[in-house]
Every structure is written in C-alpha cells, then in structure tokens.
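Peer 1: Each chain, written out:
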Amino acid sequence: MANLRGHVTGYAFILPWLVALALFIGYPFIAGFYFSFCDFPPLKSPAFIGLDNYAELAHDAKFHRSLGVTLVYAAVAIPLGVVLAITLAMFLNARIRGQSFYRVIFYIPHLVPTVVVAILWLWIFNPEFGLLNIVLAGLMNAADRWTHLFFGLGAETPGEAWLRPEALALLAAPMLAAVTIWPLVPAVLKRRPALKRFLAAVAVVALVLGAVALLNAALHGLMPVDIKTLHSPGWLADGNPLPSAIPFAPSWALWALIVMSMWGVGQMAVIYLAKLQDVPVELYEASDIDGANWLQKTWQITVPMISPVILFNVVMSIIGTFQVFAEPYIMTGGGPEDKTRFVAMFVYDQAFQYQRVGYASAVAWVLFLMIVALTILAFRISQKRVYYAGR
Amino acid sequence: MRGVHVGLAVLILAVISIAWFEPRPALEDFDPVRHAAFKDTWNKRVHLAYWEKWGSFEADACQKMVDSFNESQDEIFVHYLRTSQVDRKAMLAAIGRDPPDVVGLWSNNVVPFAEGGALMPLDGLMKQSGLTRDFYIENYLKLGEFEGKVWCLPTAVASLALYYNKEHFRAKAPQLRAAGLDPDRAPQTIEELDRYADVLNEFGPDGSPRVMGFLPTEPGWFNHIWGYHFGGKLIDPQTGKITTDEPANVRAYTWVKRYAETYGREKLLRFKSGFGTFDSPYNAFIEGKVSMEVQGVWFSMFIRRHRPQMEFGVEPFPCAEGVPGPRSEMEMDVMGIPRHCKHPKESWKFVCWVQKEGLGILSRLQGKNIALRNPPPWFHQGHPNLELAVFEKLALSPESYIFPNSLVGQEYRDEINRAFEHIWNWPVEQERKAELEGLSGAERKAKIDALCQEEVRRTLAEVRQETQRQLDAKIERRRLQKASAD
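Quick note, the sequences are listed as chains V and W, same order. The numbering of the first sequence is the working numbering, which starts it at 2 and goes up by one. The numbering of the second sequence is the working numbering, which starts it at 970 and goes up by one.
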C-alpha cells in the first residue's frame, strides 16, 4: 500500500509535465502526421487525400527553393560555426590575465533576444550607413591601394599589365638590402636578442602585407564582379550568389544571415571550453616530452578529446538550421527572390498565410525525417572519429 | 504528503476557475476618464471587440468613428483594439474559435477568409438593412465579394496616382523645356515619364544617384500594377486563366528592368538603402530624393504632416502610348463579421452604422475618398485632402482595375513580387557575358535590352505556370470537398 502511495505521489509530481508533454508535443506530433495526408483548411474539417500533399512537394518549386536555401545555409554556417567556436574556446582557454572577463564578453551576445539581434544587424548590414560596409569599404580601399603598388587591378583598369614594372623595383630594393647585410646579421643578433624579435615581427608584417597584395590581385583576376561588389555590398537586398561563378553558392543576403549567425557562437564556445578544461594535462606533458608542436598537439590530442562535444554541437546545429525562422522573418521576409526563405518560414506561410495546414504538416514531417536522417548520418560518420575515452 | 495532493488539486481548480469565470469588462479596466460619459449605461451595454489596423492620425480617425457610434446609442459599446498584422491574428483567433466581434482586414484577405469559413456572409443582413449594391461604387463592393456573395464591406478605400515634386520641376524648368517637356504639368504617358525622369535625375561625381526622377522600386508596394498601365491584365476575365506573361506585361516589366540597367542596379540599391521609413520626414519623396512616385490617396496627408510647405502635384499615373486611361488600381480596407463571434447581431448593427454614418467620418479624417456612390453632403466641405478630386475621378474611371479576387490571390501576389525582384536584380552582363562580348555602344544596349526581355518573358512564364498549377490544384481540392460534403 505504501508502495502504491509512493507511486501515486511520484506521478502526481510529474503529472503537470506529463500532461503538457502529451497535450502540447505528443498530440500535435501525431495529429500533424495524420493532417499531412489531409486537405485541411484550418477552419474546416480535415479531408483525407492520401499521398497528394507529398506528391505535390515533389513538384513545388517554392519548396525546392526553400529547401535549397536551408541546406546551403547548413553546409556553410555549421562548419564555419564549429571552427570559429573551437578557435574561440582555445583562445579563452589560454591562461592569460582577465580570462573570466573575456569569457563573459564572448558569451553575452547569446543572451540578447533574437528580435533585438535581428534589428541590430539590420542596421549593421545597411548598404549605405551600415557599420559593416563602412569598415569593409575602408579595408578594401586600403588593400586596393596597397595592391595597386605592385599590380594593375584588372577590374578597375582593364587591359593593364598584371605586374607593374615599378613593383620589381619595389620588391627588389628591400631584397637586395637584405642580401647585402645578411653576413652581418648573425653577429648583430647574437649581441642584441631584442633586435631578433623586432626583425621577426617585421618579417611577419611583410608576409601579411605580401599575402594581402597577392590574394587581392588574384581575387580581382578570378572574380572581378564579386570583388567589385565587396567594396559596398547590398547584403540583405542582394539575391545574387557569392562567388558568382558557383550556381549554388549562398546569395549575398544569405551570407549576411550566415555572418549574423556567428553572433551566438560564444554559447557553443563555452561548451567547448568546458570540455577543453577536461582534457588531461598529462597528455600534453607527454607530447611535450615527445617533442610535438602546437599543431600536432591540437590535431592529435585536443580535437579527439573534445570530439563528443563537436558531435553534440553539430547535431544541435543541424536541428537548429531547420528551425531558422525569426531572423529572416524580421530582416528579409524571405526575400530577395526567396533567397532567404528557409523551410521553417515556408511551413509558416503555408499554414497561416495560405491556410494549408495539411500541406504544411507534410512539409514538417519531411523535415523531421530529414533531420533524423542527417543526425543518423552525423553519428555514422563520426562513429570511428569520436573518442569517448573507452566509455 | 496529503497536503501536496490538496495543493495540486487547488492549483488546478484555480486555473480552471480563472479561465471559466471571465469577468465582464469593467469601466475601471479601460479608461475611466475617457469613458466617464458612458458610466450609467456601461453595464447595460453589449461590449464588442473590434480588431482593426491603423497607426498615428489614421488610428485617431478610427477611434473618433467608434466614439461616434458609442455616443449614438446606449445598447452597444465598441472597443477599438489597434492590432498589428490583424489578418494573421484574426485568422489564428478564428481557428481557436475565439474571434473578435468585428474585424478590419485588407481586401486581399477576403477570399482566404471567406473560403476558409472565417467570415459570415453579409448579403441577407444588407438586404434587411436596406444596403443595396447601388449604395456603393461597384468596383469597391466587388473587392469584398467572393463567389457571388458579399463577405466584407468597405472601410477606407484608395486609388493610386502619380505624385510629383513641383519644386524639382521648377528647378529643372529650363532643362525640361530644352527637352521639349512642359515643366508645369505631370507626364501624360509612360514614354513621357521616362523623359521627365531622365531630366530630373541628378548624379554624384562617381555616378551614384543623388536624386532620381522616377524609380519603379519606390515605394515597392505595387509591383503588380505595371502591366495594367501597358494594357495588360493578370487574369483573363473570361476563362479565369492566369496571364502573367502576356505581351503587354512582358513590355511593362522590361520597362522596369530598363531602369535597373540604365542607372545601375547596385548604385540604385545603395541609393534606396538610404531612404527613411514611409511615415517620416526621410521618406524618399518627402525628402526630395525621388521626384515622381506612385502612391495612394493617403499620401497627401503624410506629406503635409512631415513637410507642410512642400509643393507637390497629383495626376493619374500615366499609361503607355495607345493605352486608354486614366486608370488606377482600386484598393480597399474592409470590415467583416467573423463566424463564431460572440455577438453577431450587435456586430451587424455596428457594421451597418459604419456603412451609413461612419464611413464619412473615417474617410474624411483619414483624408481619403469614400466607397459610396453618393457621399453625404458635408463630406467634401473642408476635406483635408486637397488632391481628393483626382482620386475620386480615378475611382469612377471605367479603365480602373482591381487585383482579381482569386483562390490563389495571395500566392499570386507573392509570386509576382518574387519575379519583380528577380527581374530587377538579374545581372544580365554577368549571366549572358558571352553574348555581349565584342559589342559596344548602341549595339550592346540593344542586345542587353533583348536579353532582358527574354529573361522577363521566361520569369513571367514561370509565374504563370506555378500560379496556374496552384489554382488548378485548389479548384480540384474544392471540387472534391464539395463532392464529399454532398
């Protein structure tokens, strides 16, 4: 009897949750499956129509566009988010002064409500007055001027020779100077170690500047239209792909949403950080003794040790991608040309704009199956790569 | 442990009681000072919820109309609830079987609401109350109809016209005259509009626009109207078939595309991103960034609100040469009675009063024309919209048109908007690079025009096929629904 009372009491405690689960998740889940086989204007009774809704999906260009947008977004935003979050977590894991402060700073954006973030980014992406374009235009113009010293930029001055003759002089002079003084260098460096650090810094800066010039010149040659646009992109209003030569590349508008999605990367980084702190220090000490460098330690120790968390974040991101709604709804309304109409928006439009609950349910179920399939795929791919420390 | 059970049971009971015993609206819950005049009759009246759109002075006008009704009798009290996205919220409320008593919608909501069974038909009630068809301007009444029945009646109506900045015309008078154009009047044809626009344009040293004579993307709300001004239509009235890619429409959207190509798609995009919001002094037309713009009857009031001294004129939006005019799209805000509302009889009393008495108050205070064939005698006296005559003329013009009431009207509008964006943004020089290689000057321009026309035709054909497919599917579904109901 006492046992029964204990059971009853236990169930009474979880009853509100059970009722809510059954009412608000269980019932819609099952009802949605039935409705997906029905023609169901929301104010009338559902009429069974078999597989018609699913057959229509195969021919619906708008659905295909939405699915394409979502998959492209997933293919770009998920890997980018993972790489960025891990990098950030590794920085935040460094033992530096003010470590906690930085951790808080990078986590704070995640606490801002979605609508606020969307409106904030609307201004950041404004082509005329937006912060991003002002900074971008400054950077691009500086890079152009610098590159122009060495190369004729094809997009602006068509027909000009690629490598300017003056560039040879510009490059040759410092190199000649370096070669001339090279015999003296070891002796001087031995006497003045600080100079060694200074020269190393100069070399790094020179390398970066050289890389900027080379990369900028190459991009001007390879994708002149895109680079021209990059000086002041239309972002949310531009539906053309970037890079323009690749047909399924994300549109400028979708890139804007991808860039914006990195805003919340701090939350993912905190999860990585927790796992990073869990990596046994002995492993790094052993690898130090073996003479492993930073890259080897990262690839052979850090990544395998945090791989379960990477898998978790990837799976959550896949699910999250199929639920992207508020940002495009507020910022673009799905435009331009449906280039940011994610499937979640498509489902909403079908149900509440066009009053086709049956069709919307069919789409939702297809999405559910796709999420399940992609999650299984993620688990399968990761089976041999995720390390659970023997568990 | 017994206490826990009792506590849970009390909690559940409390939730149910709160939901069940919904209190009557008390005067103190609203605005006691404002409603002081109704104190004596407050508890005797039937209280109606009227969900309606509007903001700023237009909302004040609606409130005045509702106040007049509340003062005119002592049986009903209408609560005007300003509701954003009223159509979506009303639909959700209808689905939840808890709709408002009266709802204000847009005319493009009539078909989905009526077809979905969210509204009550009004024909019988109109007959009883003596509201006949000839009470209204025919086209406006048609906007509230579906399958031969009236589902919604007018509130605010509108037609569209060309607003032009007289200050810009005067400043460029010598140049306009030199181009053979009269600076003291608005363009009469589309071809003339292009020539006026060309003279009125101003560019910065880098070719970026400072002022545009005309921009088909501003304000960007009427992407579906251009075909009509070239003699086209969107649905064949005889067959009911979708006709998006008929030659006149192709010509119209090629004309739109020409603006993007002539002045630079990217430059215009940046230029447009600097425009302020509609109801602000930074509105592109009010600020003087665009010299001519297609806008509705409401716009005069907004201009005077933000720049009272601005000199502007209003004329019917021109048609292409040879296309009869004047013509304008006729638009309408409507009111209807949701099915399953709590007080249908009282709701009709309010709707009927609005039609007979309230429309004059609302339209006058909002600065709009009226849906009635014979407005009340006081309607025109001191009407705040000085350009009203143009819109009234357009409303009565036999050439004016309405967006067809179709089963897929909303889907069709969305498809047209998408097509418009695609046509405007399509980078011809990038997409058809090979065909333009080696061409220059007039030859290149002609080739670009031909390629754009080809893309316009393809895009509009795509819209026709997609919308027709949806329409056919919907007709078939309705046929099956009716068959199973029979």
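I should point out that these hints are in silico values taken from the structure, not numbers from a laboratory. Just so you know, not all the hints are guaranteed correct.
To be verified - Calculated lysine-lysine pairs in the PhoX-like style (CA-CA distance at most 20 Å, straight line):
#, chain 1, residue 1, chain 2, residue 2
1, W, K1314, W, K1096
2, W, K1443, V, K63
3, V, K45, W, K1314
As the list claims (entries may be wrong) - Derived CB-CB ranges, DEER-like:
#, chain 1, residue 1, chain 2, residue 2, range
4, W, A983, V, I26, 20 to 28 Å
5, V, A32, W, Q1434, 51 to 59 Å
6, V, L85, W, V984, 44 to 52 Å
7, W, D1036, V, A32, 26 to 34 Å
8, V, P225, W, Q1422, 53 to 61 Å
In this text the structure is predicted, and so the values were computed from the model without any measurement. For each residue, glycine too, the CB sits at the ideal point set by N, CA and C.
Peer 1: Evaluate each hint against the coordinates.
Peer 2: How the hints compare with the structure:
| no. | hint | result |
| --- | --- | --- |
| 1 | K1314/W <-> K1096/W | 14 Å, holds |
| 2 | K1443/W <-> K63/V | 16 Å, holds |
| 3 | K45/V <-> K1314/W | 23 Å, violated |
| 4 | A983/W <-> I26/V: 20 to 28 Å | 25 Å, holds |
| 5 | A32/V <-> Q1434/W: 51 to 59 Å | 34 Å, violated |
| 6 | L85/V <-> V984/W: 44 to 52 Å | 45 Å, holds |
| 7 | D1036/W <-> A32/V: 26 to 34 Å | 44 Å, violated |
| 8 | P225/V <-> Q1422/W: 53 to 61 Å | 26 Å, violated |
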